[in-house]
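The listed protein sequences derive, respectively, from chains F and A. Mapping to our numbering: the first sequence position 204 is 247, numbers consecutive. Mapping to our numbering: the second sequence position 126 is 127, numbers consecutive.
Since the hints were derived computationally from the structure, they do not count as laboratory data. Using N, Cα and C, we set each Cβ at its ideal position, and we do this for glycine too. Careful: at least some of the hints might be erroneous.
[Claimed, not checked] If you want the ones that stay clear, here's a sample from chain A, every Cβ over 10 Å from chain F, calculated: (1) 90; (2) 127; (3) 147; (4) 150; (5) 179.
[Said to hold, decoys possible] Computed footprint of chain F on chain A; a stretch qualifies when at least three of its residues, placed anywhere within it, have a C-beta under 8 Å from a C-beta of chain F: (6) 113-122; (7) 131-139.
For reference, the chains in residue letters:
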Amino acid sequence: MIWDHFFYPQRVVIIGVSSSSKKMGYHVLKSLKECGFKGKVFVVNPKHEEVLGVKAYPSLEAISEPIDLAILVIPSKEVIEVLRECGKKRVKCVLVISSGFSESDLFEGEELQRNLKKVAEEEGIRIIGPNTFGFVNLDGDLNASFTPSFSLLKKGGVSLLSQSGGICHLILAYAIRENIGLNKIVGLGNRVNTDFWDLLSYLNRDESTKSIALYLEGVEEPRRLLEAIKDTIKFKPIVVHKAGKSQKADKAAKSHTGSLAGPYKVYQGALKQYGAILAKDPLELIAMAETLSLQSPLRGNRIGVISLVAGLGMVILDLLEENGFEVANFSELTQKRLFELMPPYTIRTNPVDLGYIANNKELCGEVIKTVFEDENVDGVILSYIYSWSEDFLELPVEAICEAISKTKKPSVMCLDTPPGIWEEERRRLKEAGLPIFTRPDFAVRALLGLWQYGRIRERFKV
Amino acid sequence: MSLLFYPEAENLLKEANIALVPGRLVTSEKEALEAAEELGFPVVLKLVSTRIVHKNQIGGVRLNIVNQRELREAYGDLSNKAKNTCHQKEKWGILVQKMISEELEVIAGAYRDKSFGPILMVGLGGIWVEILKKISFRLLPLEVEDIKETLKETKIDQLLKDPYLKEDLFHLILNLSSLFLSKPEIKEIDLNPILIGKAGCLVADVKIFTSCV
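Using the sequences provided together with the hints, build the complete structure.
Written as structure tokens, this is what we have:
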């Protein structure tokens, strides 16, 4: 399949590599050299013998071995000619990072893009781009982008298709900070002949991708996108952030019911109709997608809340109600057990307040397990606060992991700590499949994603 | 796009099993009086034509007419307005409608978008349209579940307590969807408002735009 050659190539060539760190091409080579890529990297540069220690070839033709993927970082005017050379060399996959096509104010931009499409068709070449930062496949140790830092990301189950490279970089920093694992990240650029639906039809069968996040601005053929979404959600969940909410509807056409709102609302309705989960912003997008990649869908909407401090428990209750969840009523058995375990000066109903037993890790663990095991609880939110009094507080990691593996109940955690604190604990919890978010609203919205995916599966009978 | 004259639009809705507020289209004061007697006061008078899209903006609507004297006066006003504003070839008439008291006003419509194709729109009506902007869209064709979702999203579901009225509205939207899909010559259809009350879900005003002149 053509997309395997993109994401898991054996031989990659960069055309337009520069030895100046001020140039994009330099960083593309740096990305490829530093990402642990196991295949072979070639560079074409007629002016140099070598770049960054890699032998430079005067032309594509001069390379004797076959090439899976060519990355073009050259001025837009030269792209067509090089694409012809790629055709001659039987390169089927080309990433065009170069900009200066239909997105630009350049007089010839539109025409260059039309030509690019035409030549690609004639040569039988798939192009990702142009006008993109590139793409990344953490599953194949491949960073085909001009940003070497993408290789710092943890490998995980979330694949991201984005209509904006900038948003991918925003998510990059956030995901590193929150230790969110990603799989494949593609900046679609101008989508000359690779669009959302092409990649969705690949990702829906890609085993290492567990959930898909889309950052969407708008496409020319929305029904194609929607059909691809509908096909894909049979296999894995899709979360979408659609930008452009504030686009003002045309006031002159106000009383035309159809034009009361801009296309944003149409997208919103249609995306829901075809089984996508909607996220409010790009960071929530990745938070929801990560949770869906780690956890099974919620079967019901009754949530158990366990909080180290009462305040955060209250905040979470408000958020649960706002998002249509129910606060679970514990079973008699659970209630009895909680009364036995906990002293009477603390909240022992839902939300459970661990404040007064915080320094007793074993007891906290017992309470957590009890709530997880309650038959009236469909999912759990845990929230912990870092205590500054040194050894006073420990995270009951073992108990949490045990509760998750025993009950398999969807759960998320809200936790913020100073940098460098509880790193090992966080790592172990994540490994057990527990998503951890700094923000309580993200924790709740992440659960909402699990609830919605459950309902989507029911509706589409998958 | 051209606006269908009221009687044709009315026929299309009736064929599609969509109920309208009872009314008669008249062209003389005598007919207007007969229609009002038949429907029973209070009534509403509306100037309709093939060109007037926004009746309210030109003062083409008279509400709560309770007796013959008020009816004559309103009829005179509206027919003068028609003679002054309507073109010679333009079809016009005055619609006498029964004045209905409603619990809730809802709007529904469908149109064809050049990239999305046929789209259904459902929203809270009356003054709430502008303020709350509770409007939901779905692509056509759709499934029963989608209509239910639009009613939830727009809070109509919560505002409408009576399960029979809910069911009525649901069927109205379903019929609107089928009507729109079965007639490709219809470019846009607006049911605004749909009055929901004791008498059921009744369309008080309809605009249908077609491709042919």
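Does residue 147(A) sit more than 10 Å from chain F, CB to CB?
violated (5 Å)
Non-interface claim for residue 90(A) versus chain F (Cβ beyond 10 Å)
holds (25 Å)
Minimum C-beta separation from residue 179(A) to chain F exceeding 10 Å: can you confirm that?
holds (17 Å)
Grab the minimum beta-carbon distance between residue 127(A) and chain F and tell me whether it stays above 10 Å.
Holds: least Cβ distance 13 Å, greater than 10 Å.
Verify this for me: three or more residues of the region 131-139 of chain A with a beta carbon less than 8 Å from a beta carbon of chain F.
holds (count 5)
Assertion that residue 150(A) lies outside the chain F interface [Cβ separation over 10 Å]:
violated (7 Å)
Holds or violated: the region 113-122 of chain A covered by chain F, criterion of 3 or more residues with Cβ-Cβ distance under 8 Å?
holds (count 6)
Hints 3, 4, counting from the list given before, are not met by this structure.
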